[in-house]
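Work the whole structure out from these sequences, hints included.
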Amino acid sequence: MSRTTAAVDPSLPDAWEDLVTTALLGTDRRTPAGCVPGPEAPVALLDAVAVATVRRRAGLRPARAAERPRPAPEDPRPPLPPAAARRLTLLLSDRPGTSGGGRRGTAPDLMELLPQWLAAANARGFAAPPAALPALLDAARGRTDLRPAALRFAGPRALWLARLNPDWRFALRSTPGGGTSVPGPDDPEGVERLWQEGLFAERVALLTALRSREPAAARDLLATTWATERAEDRLMFLDSLRTGLGPDDEPFLERALADRSRNVRATAAELLSALPGSALAERMAVRAGACVAVDHTRDVPTIVVEAPHECDAGMERDGVVAKAPAGRGERSWWLGQLVEAAPLDSWPRRLGGRTPQEIVALPVADDWQGELHAAWCRAAVRQRNARWSRALLGEPSAPEAGGPGAVSLAERAKLLDTLGAAERAEWVAGFIETHGLSEAFQLLGVCAVPWAAPLGRAVVDALNIARDAGSYPWSFSGVMGLAERCLDPSEASRLDALLAIPDEPENASPGAGGYWSEAFQRLVTTLRLRAAMLEELSPAGA
Amino acid sequence: MTQQGVRWTADQVLALAPDTASRKAGSKLGTAGPWSGSGSSDEGAVWGLCKGSGSRPYQTVVDISDASGPAYKCSCPSRKFPCKHALGLLLLWAGGDGAVPRAEAPEWAEQWLTDRRGRAEGKRAADSPASPASPSGSAGPEAARRRAERRAERVTAGAAELEQRLADLLRGGLAAAEQSGYGLWEETAARMVDAQAQGLAARVRELGAIPGTGPGWPVRLLEECALLHLLDQGWLRRERLPEDLAATVRSRVGLPASADGPPVRDRWLVLAQYDTADARLTTRRVWLYGTDSHRTALLLSYGAAGRAPEIALPVGLVLDAELSAYPGAGQVRAALGERFAPPVPTAARPPGTTPARAVARYGEALRDDPWLDSVPVTLDRVIPVPDGDGWQLADADGDTALPVTPAARSRPGLWRLVALSGGAPVTVFGECGHQGFTPLAAWPEGPGEAVPLC
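So the protein lines, in turn, are chains A and B. If you use this note's numbering, the first sequence corresponds to residues 2 to 543, in order. If you use this note's numbering, the second sequence corresponds to residues 10 to 463, in order.
Treat the hints as calculated values from the structure; they're not laboratory data. Certain hints may be false.
[To be verified] Using C-beta positions, here's what the derived DEER-type ranges look like:
id, chain 1, residue 1, chain 2, residue 2, range
1, A, Glu536, B, Ala369, 32 to 38 Å
2, B, Asp28, A, Asn166, 25 to 31 Å
3, A, Ala501, B, Ser84, 21 to 27 Å
4, A, Glu536, B, Pro224, 54 to 60 Å
5, A, Asp418, B, Glu52, 55 to 61 Å
6, B, Pro395, A, Ala501, 29 to 35 Å
7, B, Pro224, A, Thr225, 21 to 27 Å
8, B, Pro421, A, Ala470, 22 to 28 Å
9, B, Glu373, A, Asn166, 50 to 56 Å
10, A, Leu500, B, Pro110, 18 to 24 Å
[Stated by the list, open to error] If you want the ones that stay clear, here's a sample from chain B, every Cβ over 10 Å from chain A, calculated:
id, residue
11, Ser36
12, Asp203
13, Thr285
14, Gly312
15, Ala334
16, Val368
17, Pro421
18, Trp424
[What the hints assert, rightly or not] If you only want the chain B side, here are some residues facing chain A, beta carbon under 10 Å, derived:
id, residue
19, Thr40
20, Ala80
21, Cys83
22, Leu179
23, Leu237
24, Thr292
25, Arg294
26, Gly372
27, Arg376
28, Pro395
29, Ala405
30, His443
Backbone N, C-alpha and C fix where the C-beta goes; we use that ideal spot for every residue, glycine too.
Here is the structure:
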């Protein structure tokens with residue numbers, strides 16, 4: 002309601018201004034119009050203002066409507082079943098930081114279940130209840146790991162909403178083309194127009210969406226404007242070619258190797274090296290091959306390494322970074338980059354027809370083993386080479402698998418990621434059976450959810466052993482938390498025996514039994530809750 | 010009792026929580042895990058055993074059959090009321106997934122339920138008009154009249170002092186008021202408390218806060234000073250005012266009044282419930298709409314700091330009950346009388362109006378009560394629209410709009426409203442006044458439950 006349109010009497014605003022000015026200065030300095038100066042002046046002023054105030058309020062008019070936002074796009078997905086909508090409200094009301102902290106007790110950690118709930122709801126294709134969108138966006142804002150699933154579930158209306166609230170700008174940036182604002186395959190002019198005229202975020206979204214649909218079309222679209230893009234933008238656009246990368250992309254990427262920007266060149270080289278048949282990969286294979294050989298003159302065949310002596314222009318053009326980070330020898334730095342970018346399948350030919358297993362088992366002369374194996378690990382991850390990953394991982398029960406061997410736990414986790422879900426779970430289960438839980442957290446993180454039966458059993462058995470050993474459960478809180486989220490809910494019944502408070506063994510930490518019972522109770526409660534959550538989301542159960 | 014088979018929603022249960030910590034703790038217990046032996050009866054009782062940190066589980070019973078609101082009993086030591094166990098149990102029951110089956114109440118629950126219902130019956134019998142009048146007025150009408158006179162004298166002295174204070178302020182100018190600061194107003198407010206004029210004291214305290222409210226404060230301060238002056242004058246000349254207006258003045262000044270209007274029985278739709286709290290007191294406002302009488306009424310209930318006010322009516326329910334109005338012209342405040350049935354979910358909505366009619370209604374209400382800040386209004390077919398830094402609710406079928414009050418702009422409820430609308434028309438209930446519109450509840454254009462915005 003604007004004050005200027007409020008007055009019934011056109012002369013009133015002036016009179017009002019006069020009253021306000023008098024009040025500000027005080028009646029000792031200024032006498033209000035129509036009043037006698039003197040002791041009665043303030044009262045007369047208040048009388049006049051009281052009348053004017055009520056008059057102004059009573060005469061209020063509605064304001065003129067501002068320009069209305071375009072309506073949010075339709076969400077064609079079906080609404081959530083009522084029970085699932087209530088569950089979502091509960092999960093979202095459990096915001097971190099509102100609890101007193103401290104011991105967790107037996108109650109499940111609802112916020113931790115949100116990712117799963119979102120995944121299940123997305124898998125079933127439900128639409129988010131509109132009134133829950135602000136809480137959903139706030140949750141996604143606080144936790145980047147939630148964003149992809151939360152935004153997919155939140156749907157087109159959330160993007161519409163995010164345009165109106167600066168707090169939710171992240172949604173516009175991080176939506177991987179999922180919004181319906183990206184023109185579909187049947188609208189080539191729309192694609193062209195958005196590509197030519199859209200904002201940067203919209204163009205990235207468009208390119209990503211197109212790339213996941215028609216990789217070649219996305220690359221061609223990018224090629225049309227490549228020369229005129231800014232360097233930062235070229236880098237982001239190039240990065241979106243990671244999806245659906247194939248041999249057809251090679252010519253384009255080769256051209257990008259001559260880019261003005263060093264970061265663009267490096268990314269192009271990285272992408273090319275992930276294409277084992279590319280010319281770049283071939284050049285790298287030749288360079289790397291020249292550095293690594295098997296020496297048969299020793300008692301046992303041994304790998305000898307002769308790191309490159311210089312980083313020539315050709316290497317730099319192929320993405321090798323010449324300047325080593327502080328504290329690293331530049332020759333080993335160059336070697337690592339060459340081996341990492343060389344196709345793994347070229348090594349058996351180069352190293353006497355040996356299998357990856359045999360190559361990894363060979364001794365390496367002069368302390369080069371760490372450098373070489375680490376580079377092979379990076380190559381196996383980049384080229385998603387399961388055979389090499391398997392060889393580099395080794396047997397899960399091998400003694401060095403648990404210790405700080407040539408391959409760190411973080412690298413193992415990445416290698417595992419290149420294997421199939423079942424093989425991954427089996428390897429981690431074997432690892433836990435031999436080495437226990439203390440090092441398993443990172444590895445468990447890459448296993449598919451819900452955990453396959455053998456993995457689940459290995460974890461529960463290991464927890465049981467840890468309890469019998471008399472330690473406190475919070476030493477295993479990381480794994481416990483993972484188990485709550487990842488164990489198959491159907492395993493809940495197998496855990497019943499663990500709920501009782503056991504007799505305390507002599508060497509146990511005092512009270513540990515009770516805490517373990519509490520922790521297992523929370524585990525079972527959480528599993529039951531997850532089962533209920535999924536039930537609520539199944540259309541038949543609605 | 011009509012409760013059978015009707016389960017509440019989780020939102021409605023959570024609205025009973027005394028504070029956010031209990032709400033959170035309760036929602037964690039709203040899962041089957043810690044509960045055993047839970048069940049519910051057709052008479053509207055829910056019970057269960059909740060595993061806590063001790064060896065013995067807590068025994069929790071909730072009686073939702075009572076028309077005056079749910080009653081709770083839990084063996085836990087918590088002083089929160091209801092405790093997290095009662096909330097968790099109700100959530101479990103609201104979830105409706107078979108976790109709380111129909112059953113015969115166990116002895117420990119039955120005992121309490123029987124005792125409670127026995128007491129409730131006894132109380133109702135005592136309250137009924139047939140019973141002899143309560144002996145509270147035993148000192149006789151003469152003594153009461155003398156007390157009232159003494160109080161009126163004190164208020165008159167307070168009002169006169171306040172008039173003097175306002176005159177001094179205007180004599181020196183408002184520009185000087187910024188420097189005088191909060192302390193002076195606080196002192197004047199304390200004098201009004203001594204004068205037993207709570208209403209004047211509250212207004213004075215608000216005056217002290219106005220210079221800190223940003224640009225345009227002198228105009229706001231002037232307006233409020235003038236209205237306070239108007240109230241003083243109204244009190245000093247109350248004998249010459251029409252009876253209704255005099256009653257309004259008395260209640261605005263802060264004299265106690267009782268809700269002696271005739272009881273109106275209706276199916277009252279719960280439109281909004283929200284709390285405002287200061288250091289000493291939590292004030293809960295509940296807006297109700299009578300589906301037959303078409304009246305909108307306000308229930309106020311108070312709780313000492315940290316405790317939930319007594320009345321808890323979750324939004325979206327309908328309550329069969331009697332309401333009695335407080336005296337005064339244009340008075341919307343009422344007191345809850347007898348409840349005939351527990352609140353149940355409903356799809357009913359209040360009928361709406363346009364933004365233009367809404368401000369006109371506020372203007373008309375000022376005739377009865379010039380001190381009124383806002384009136385309850387339901388807007389039909391409005392679209393939340395961003396307008397510069399703020400928001401407005403624009404008529405979907407016209408070019409008029411109501412600005413959203415600055416205070417409501419920063420609340421999360423505004424975004425729920427915007428999300429619910431998605432640029433399409435919605436029905437919004439709220440308070441419409443000189444500062445703009447405060448949205449409190451909304452309904453989607455199509456079918457759907459009420460969404461609380463406060």
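Problem - Violations among the numbered hints - result: 1, 6, 7, 8, 9, 11, 16, 17, 18, 20, 21, 24 and 25
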